[in-house]
Amino acid sequence: DDSERKRRRKSRWGDEDSKVFLPGMPTALPPNLTPAEQELFIIQLRLEEVNRKLRTGEVVPPEHERSPSPPPIYDRDGSRLNSREKRYRLKLEDERQKLVDEVTRRDPSYRPPMDYRKPTKYKE
Amino acid sequence: ASLMSSNGLGGGPGEATRVLQLLNMVSEEELQDDEEYEDICEDVKEECRKYAPVISIKVPRPSKEHRVPGVGKIFVEFETAEGCAAAARALGGRKFASRTVVVSYYSEAKYTDAVLE
Numbered sequence: 075d076d077s078e079r080k081r082r083r084k085s086r087w088g089d090e091d092s093k094v095f096l097p098g099m100p101t102a103l104p105p106n107l108t109p110a111e112q113e114l115f116i117i118q119l120r121l122e123e124v125n126r127k128l129r130t131g132e133v134v135p136p137e138h139e140r141s142p143s144p145p146p147i148y149d150r151d152g153s154r155l156n157s158r159e160k161r162y163r164l165k166l167e168d169e170r171q172k173l174v175d176e177v178t179r180r181d182p183s184y185r186p187p188m189d190y191r192k193p194t195k196y197k198e
Numbered sequence: 154a155s156l157m158s159s160n161g162l163g164g165g166p167g168e169a170t171r172v173l174q175l176l177n178m179v180s181e182e183e184l185q186d187d188e189e190y191e192d193i194c195e196d197v198k199e200e201c202r203k204y205a206p207v208i209s210i211k212v213p214r215p216s217k218e219h220r221v222p223g224v225g226k227i228f229v230e231f232e233t234a235e236g237c238a239a240a241a242r243a244l245g246g247r248k249f250a251s252r253t254v255v256v257s258y259y260s261e262a263k264y265t266d267a268v269l270e
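In order, the protein sequence lines correspond to chains A and B. Each step along the first sequence adds one to the number in my numbering, with nothing skipped, and position 114 is 188. Each step along the second sequence adds one to the number in my numbering, with nothing skipped, and position 96 is 249.
Chain B with its partners taken away, still in its complex shape (with noise of 0.2 Å):
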């Protein structure tokens, strides 16, 4: 409770960008098989596409040598806002291979300049 008035996570989900963040999903092992990737990008693809029309997708995947930023993290950049929002009424909450999938709004400036974090 104290992380919730400390930063004001109730302040609900904002405004809608294109670009959602799809939180809690993967954990660094599932990211590290590649069938198993291909699978999770696969089924995020195909659900999103249920709710609007999707641009592109990024998922980070961890690496040996270095730190990668946004690792764990699913980013999907849907063609408007409106869609981008009706996909996070739709996802926020349900169930991800025993996981409860958490969403954000996420920049579309940092999303096009590659930063994902």
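Extracted from the complex, chain A is given alone in its bound form (with noise of 0.2 Å):
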């Protein structure tokens, strides 16, 4: 019931004393600034976030924030398809995908990043 789930649940906040740092993006933004250039700011700081998780590797967030797992799906030689780290990578990479084309349809003279590639379509 509901006053369970709220003695379960953790906060999503984080640390009072452990405030992150992003080279070149403030966290405090002016006033004047319209709604598309703040989203656009906030788009790329998010990618910025993203891009960084797949570059360091650390993709799987802590135990109170995932969802449950899906059944295991094993290969023909028995390694797993869908573990933990490759379904929260593949998740991150789809949220690159849709920030990148998000950040290109707003800014046209937008550069994807060096490590990022368009997905090509699959051929047979």
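Warning: the hint list may mix true and false statements.
Listed next, the in silico DMTMM-like pairs over lysine to aspartate or glutamate satisfying Cα-Cα at most 25 Å (straight line) [to be verified]: (1) 93(A) to 195(B); (2) 172(A) to 218(B); (3) 211(B) to 90(A); (4) 217(B) to 191(B); (5) 172(A) to 235(B); (6) 248(B) to 149(A); (7) 172(A) to 266(B); (8) 165(A) to 188(B); (9) 217(B) to 261(B); (10) 203(B) to 90(A); (11) 263(B) to 132(A); (12) 248(B) to 151(A); (13) 160(A) to 113(A); (14) 198(B) to 89(A); (15) 263(B) to 188(B); (16) 248(B) to 168(A); (17) 165(A) to 191(B); (18) 198(B) to 113(A); (19) 248(B) to 89(A); (20) 203(B) to 122(A); (21) 93(A) to 266(B); (22) 248(B) to 191(B); (23) 84(A) to 195(B); (24) 198(B) to 218(B); (25) 248(B) to 122(A).
Keep in mind the hints are simulated off the structure, nothing from the lab. Being a predicted model, the structure only gives us computed values, none of them experimental.
Dock chain to chain to rebuild the complex, using the hints, since each chain is given by itself in its own frame.
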């Protein structure tokens, strides 16, 4: 029930003394930006976060932020195709794709990061 | 870096209003789920109250029928501008479910008129 859920769940907020610093990306924005300017900045910030996770390999969130694991799927050799690491990496790559598309739509002069390749259409 | 120089993002937070915008906090997917939506609102209210008295919060939710402005942004109305500034200092750069929180003061008039963008 409701009260039980409240007791069990943990706040999404991170620690008070462990603030994040992303070079060149302020965490307090001036109030005079248009919604479009502000949104473009936030998309780029999120893109930077996602790229950083994929680059460092820190793709799996802490336990209390994870959703229940799906049943395992194995390939012919018996190695797991949908391991936690693989599932979260795919999720982040998918999000990165959407973010890159969104920035490109809003800012045609934008060039994606060096380590990013646009997925090519699958050929038989 | 081009974004910074072109529109002056380095200009600082400006003068405090009583309304704080919290950005880069939630995905559309999370907002669609009723239980997660409630949890998110609760987490934000609880944390903001630690720094200053809160009057109200508004969290736009996506709709299937039409595009809702301000989806993904969270708006918190404080009793005073000083309280809002204290919360802004405390919350900017904090983590919220593995995202980095960005803050910005928001127009009190727009908030009162339910213009959330």
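Handout entry: Agreement of residue 198(B) and residue 218(B) with the hint, judged by alpha carbon distance not exceeding 25 Å
Key = violated (28 Å)
Exercise for the section: With a cut-off of 25 Å on the C-alpha distance, tell me whether residue 93(A) and residue 195(B) pass. Expected result: Judged against 25 Å, a Cα distance of about 21 Å means the pair holds.
Practice task
Mind checking the alpha carbons of residue 248(B) and residue 122(A) for me, to see if they're no more than 25 Å apart?
Solution key: holds (15 Å)
Exercise for the section: Would you check the hint for residue 160(A) and residue 113(A), treating anything up to 25 Å between C-alpha atoms as holding? Expected result: violated (29 Å)
Exercise for the section: Compare the distance between the alpha carbons of residue 172(A) and residue 218(B) with 25 Å, and conclude whether the hinted pair is satisfied. Expected result: holds (21 Å)
Problem - Agreement of residue 263(B) and residue 188(B) with the hint, judged by alpha carbon distance not exceeding 25 Å - result: Answer violated: residue 263(B) to residue 188(B) is near 28 Å, above 25 Å.
Exercise for the section: Would you mind confirming whether the straight-line C-alpha gap from residue 263(B) to residue 132(A) stays at or under 25 Å? Expected result: violated (39 Å)
Exercise for the section: Quickly compare the C-alpha distance for residue 248(B) and residue 89(A) to 25 Å and report which way the hint goes. Expected result: Answer holds: residue 248(B) to residue 89(A) is near 7 Å, not above 25 Å.
Problem - Restraint status (C-alpha distance of residue 93(A) to residue 266(B) at most 25 Å) - result: violated (33 Å)
Exercise for the section: Decide if the proposed pair is consistent with the structure: residue 217(B) and residue 261(B), CA atoms, cutoff 25 Å inclusive. Expected result: violated (28 Å)
Practice task
Would you mind confirming whether the straight-line C-alpha gap from residue 248(B) to residue 151(A) stays at or under 25 Å?
Solution key: violated (40 Å)
Handout entry: 25 Å Cα cutoff - pair residue 211(B), residue 90(A)
Key = Answer holds: residue 211(B) to residue 90(A) is near 23 Å, not above 25 Å.
Of the hints listed earlier, those the structure fails to meet are numbers 5, 6, 7, 9, 11, 12, 13, 15, 20, 21 and 24, in rising order.
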